[in-house]
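First to last, the protein sequences are chains A and B. Position one of the first sequence corresponds to residue 1 (the numbering used here), numbered consecutively onward. Position one of the second sequence corresponds to residue 1 (the numbering used here), numbered consecutively onward.
What the hints contain is simulated information worked out from the structure, not anything from laboratory work. Just so you know, these numbers come straight off a predicted model, no measurement behind them. One should not assume that every hint holds.
What the hints assert, rightly or not - With a straight-line cut-off of 20 Å between C-alpha atoms, the simulated DMTMM-like cross-links for lysine to aspartate or glutamate are:
(1) A:K38 / A:E74
(2) A:K4 / B:E24
(3) A:K30 / A:E41
(4) A:K45 / A:E74
(5) A:K90 / A:E41
(6) A:K85 / A:E149
(7) A:K4 / B:E97
(8) A:K63 / A:D138
(9) A:K4 / B:E91
(10) A:K4 / A:D34
(11) A:K63 / A:E36
(12) A:K38 / B:E56
(13) A:K85 / A:D115
(14) A:K61 / A:D139
(15) A:K90 / A:D115
(16) A:K30 / B:D147
(17) A:K123 / A:E156
(18) A:K30 / B:E56
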Amino acid sequence: MNAKFIQISGIALTVVYGLFVVWIYWASPKNLADFETKARESVTKAASKASVVTNTYEIDKVKFQEGLVAFRSENFIVARDRFQKSDPEKRDARVQYYIAYTFYRQGWGRFSNDDELFLKGLKQLEEVKRLDSDFKADDPDLRLARPVELENEFREGLRFTASDLNPFKIGRERK
Amino acid sequence: MENEEITVVTEKSIEQVEPIPASENTVYYRNYLLLPSLFLTVTLLGGLRIGLSGGEFVFVRPALIALVFAVVLVVLFVRSRLIEPVGWFSERFSALENVAAGAVMLSLYAASVQVFNSLLPEAGLPFWIVAFCFCWTLWNNLFAPFDAKRLLQSLGGLFAFAFVVKYMVLLNLSVEGSKSWWGFISSGNITSEAISYLLAIPPYAGATGYIQFFALAIYLIGLFLLKPRLN
């Protein structure tokens with residue numbers, strides 16, 4: 001066999017085997033079944049990253065639709081999970097806004113709000129602003145169409161003031 | 001008489017057969033395919049441990065000091081002429097030859113790191129004692145007159161000693177620590193539990209020792225096959 005071919009094969013072998021060793025120490029599978037699971041996850045992630053690099057990234061529309069159905073049926077935990085899986089690289093402002101909105105609707109309460117969820121919602125809004133500072137939702141169901149409105153709602157919900165003791169506040173509506 | 005003639009003829013024919021020269025391809029296969037495969041296998045196995053309770057894989061990443069020791073070891077290889085850099089890298093060689101030699105060198109370095117990762121205890125007092133012994137020996141070797149054969153003998157002895165300490169002494173003393181004081185007292189194995197706790201010995205299954213034995217053996221075989229001049 002040609003010497004050059006052997007040398008090229010040697011370099012390829014070193015690179016591939018070396019990357020495999022680095023990956024296995026990074027993934028640290030616990031057993032052979034775990035090895036298979038982590039390998040599949042890594043391939044999916046790598047494919048997703050590659051699509052971002054090649055500018056062919058798209059959200060998973062099926063998962064996004066499933067998320068929307070769950071969102072409309074008030075199943076916010078499932079909705080959030082579907083939305084997150086539809087946009088694993090967090091590159092779509094619309095999906096990220098829906099995720100923030102699930103925190104609002106799940107955390108909203110007639111008597112009191114869930115501060116933990118509202119804080120997560122605020123953090124999630126940062127993602128939306130990072131992706132699109134002028135984002136506006138086109139879904140009429142989302143009555144707070146802009147991130148700034150939702151942010152205000154989160155901040156008001158987190159703040160405790162005398163007006164929170166107003167009994168007429170029970171009649172307020174979730175947006 | 002006839003038998004004697006036959007015997008003489010056979011002996012003559014054997015004497016006439018000249019030793020077969022190693023084909024160039026065989027040398028290339030050994031240098032560029034076999035050696036990286038061996039060294040990368042050591043790299044893979046060197047940090048692998050098997051958990052005592054569930055038999056799970058534990059991949060231990062090398063401590064920073066293992067990287068330093070591996071550098072010193074490569075310097076020792078050069079000093080003892082186990083590796084002659086001019087036979088590996090040169091402007092006279094093509095870029096491909098230099099890159100291919102670089103890949104072999106990288107795999108040798110990675111394997112050296114993982115051999116130290118394998119032989120150094122994971123934490124606590126034993127780690128520092130064994131690390132100090134390695135440091136002392138490598139530092140002395142840096143200034144001692146050496147040849148490749150003596151270096152390999154010295155390394156074989158050093159690694160064998162460290163292997164015995166870690167996988168035949170410390171590993172046999174280790175047990176899975178109890179979570180509570182009551183469990184500690186009622187375990188019936190107070191001495192081993194106390195030693196494991198005081199020396200911070202992680203509990204690994206006996207299979208770990210077998211894996212590391214083969215990793216070490218493969219590494220030494222790789223060093224034995226290494227030639228001073230690659231190209």
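How the hints compare with the structure:
no.	hint	result
1	A:K38 / A:E74	violated, 32 Å
2	A:K4 / B:E24	holds, 12 Å
3	A:K30 / A:E41	holds, 15 Å
4	A:K45 / A:E74	violated, 30 Å
5	A:K90 / A:E41	holds, 17 Å
6	A:K85 / A:E149	violated, 26 Å
7	A:K4 / B:E97	holds, 8 Å
8	A:K63 / A:D138	holds, 19 Å
9	A:K4 / B:E91	holds, 17 Å
10	A:K4 / A:D34	violated, 39 Å
11	A:K63 / A:E36	violated, 24 Å
12	A:K38 / B:E56	holds, 15 Å
13	A:K85 / A:D115	violated, 25 Å
14	A:K61 / A:D139	holds, 16 Å
15	A:K90 / A:D115	violated, 24 Å
16	A:K30 / B:D147	violated, 43 Å
17	A:K123 / A:E156	holds, 15 Å
18	A:K30 / B:E56	holds, 5 Å
Violated hints, in rising order: 1, 4, 6, 10, 11, 13, 15, 16; the structure is consistent with all others.
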